[in-house]
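Peer 1: The sequence shown maps to residues 23 to 97 in the numbering used here.
Mixed in with the good hints, there may be bad ones.
Claimed, not checked - When the alpha-carbon atoms are kept at most 30 Å apart in a straight line, the in silico BS3-like pairs for lysine-lysine are as follows:
| no. | residue 1 | residue 2 |
| --- | --- | --- |
| 1 | Lys37 | Lys76 |
| 2 | Lys86 | Lys37 |
| 3 | Lys76 | Lys86 |
Said to hold, decoys possible - Derived DEER-like restraints, expressed as beta-carbon distance ranges:
| no. | residue 1 | residue 2 | range |
| --- | --- | --- | --- |
| 4 | Val69 | Asn39 | 30 to 36 Å |
| 5 | Gly95 | Arg68 | 31 to 37 Å |
| 6 | Asn93 | Ala49 | 21 to 27 Å |
| 7 | Thr62 | Glu83 | 18 to 24 Å |
| 8 | Thr82 | Asn56 | 34 to 40 Å |
| 9 | Tyr58 | Thr82 | 17 to 23 Å |
| 10 | Ser60 | Pro40 | 17 to 23 Å |
| 11 | Asn80 | Ser59 | 36 to 42 Å |
| 12 | Thr62 | Asp41 | 20 to 26 Å |
| 13 | Glu89 | Lys64 | 20 to 26 Å |
| 14 | Leu78 | Thr44 | 35 to 41 Å |
| 15 | Lys64 | Thr44 | 31 to 37 Å |
Since the hints were made in silico from the structure, they are not lab data.
For glycine and all other residues, C-beta sits at the position ideal for the given N, C-alpha and C.
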Amino acid sequence: MLKIFEYSTDSNNSKLNPDFVTGLTDAEGCFSVNVYSSKTAKFKRRVELGFTIKMLDNETELLKMVETFFNCGNL
């Protein structure tokens, strides 16, 4: 059975297990790379990288935990 949480001896805080985050991304997430034309960029192209997880509204707490796991993003 996959553990959702991992406990660290360094602090009293629990954090998401990286294997759980990987599985969640496999089921509900995606990575994307977008290339746009840009008149101001050095090579006339702008590259945008994205990571998205889409879930139902009732999973907000889990998404906040993923946001904390990566220490970036927004809901």
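Peer 1: If a hint holds in the structure, say so; if it does not, say that too.
Peer 2: A quick look at each hint next to the structure:
Annotation: proposed proximity of Lys37 to Lys76 holds, straight-line Cα distance about 20 Å (limit 30 Å). A distance of roughly 11 Å separates the Cα atoms of Lys86 and Lys37; the hinted pair therefore holds under the 30 Å criterion. Straight-line distance between C-alpha atoms of Lys76 and Lys86 comes to about 12 Å, which keeps the hinted pair within the 30 Å bound. A hinted range of 30 to 36 Å holds for the C-beta pair Val69 and Asn39, which are about 31 Å apart.
Evaluation of the 31 to 37 Å hint for Gly95 and Arg68 yields a failure: the beta carbon distance comes to about 20 Å. Hint check: Asn93 to Ala49, Cβ distance near 22 Å, so the stated range 21 to 27 Å holds. With their beta carbons about 40 Å apart, Thr62 and Glu83 fall outside the hinted range of 18 to 24 Å. Evaluation of the 34 to 40 Å hint for Thr82 and Asn56 yields a failure: the beta carbon distance comes to about 26 Å.
Against the hinted window of 17 to 23 Å, the Cβ-Cβ separation of Tyr58 and Thr82 comes to about 31 Å, which falls outside the hint. About 35 Å separates the C-beta atoms of Ser60 and Pro40, a value inconsistent with the hinted range of 17 to 23 Å. Distance hint check for Asn80 and Ser59: the Cβ-Cβ separation is about 40 Å, which falls inside the suggested range of 36 to 42 Å. In this structure the hint that Thr62 and Asp41 lie 20 to 26 Å apart at CB is violated, the actual value being about 41 Å.
Remark: the range hint 20 to 26 Å for Glu89 to Lys64 is contradicted by a beta-carbon distance near 32 Å. About 20 Å separates the C-beta atoms of Leu78 and Thr44, a value inconsistent with the hinted range of 35 to 41 Å. The hint said 31 to 37 Å for the Cβ distance between Lys64 and Thr44, and at roughly 35 Å that hint holds.
In this structure, the earlier hints numbered 5, 7, 8, 9, 10, 12, 13 and 14 are contradicted, and the remaining ones agree with it.
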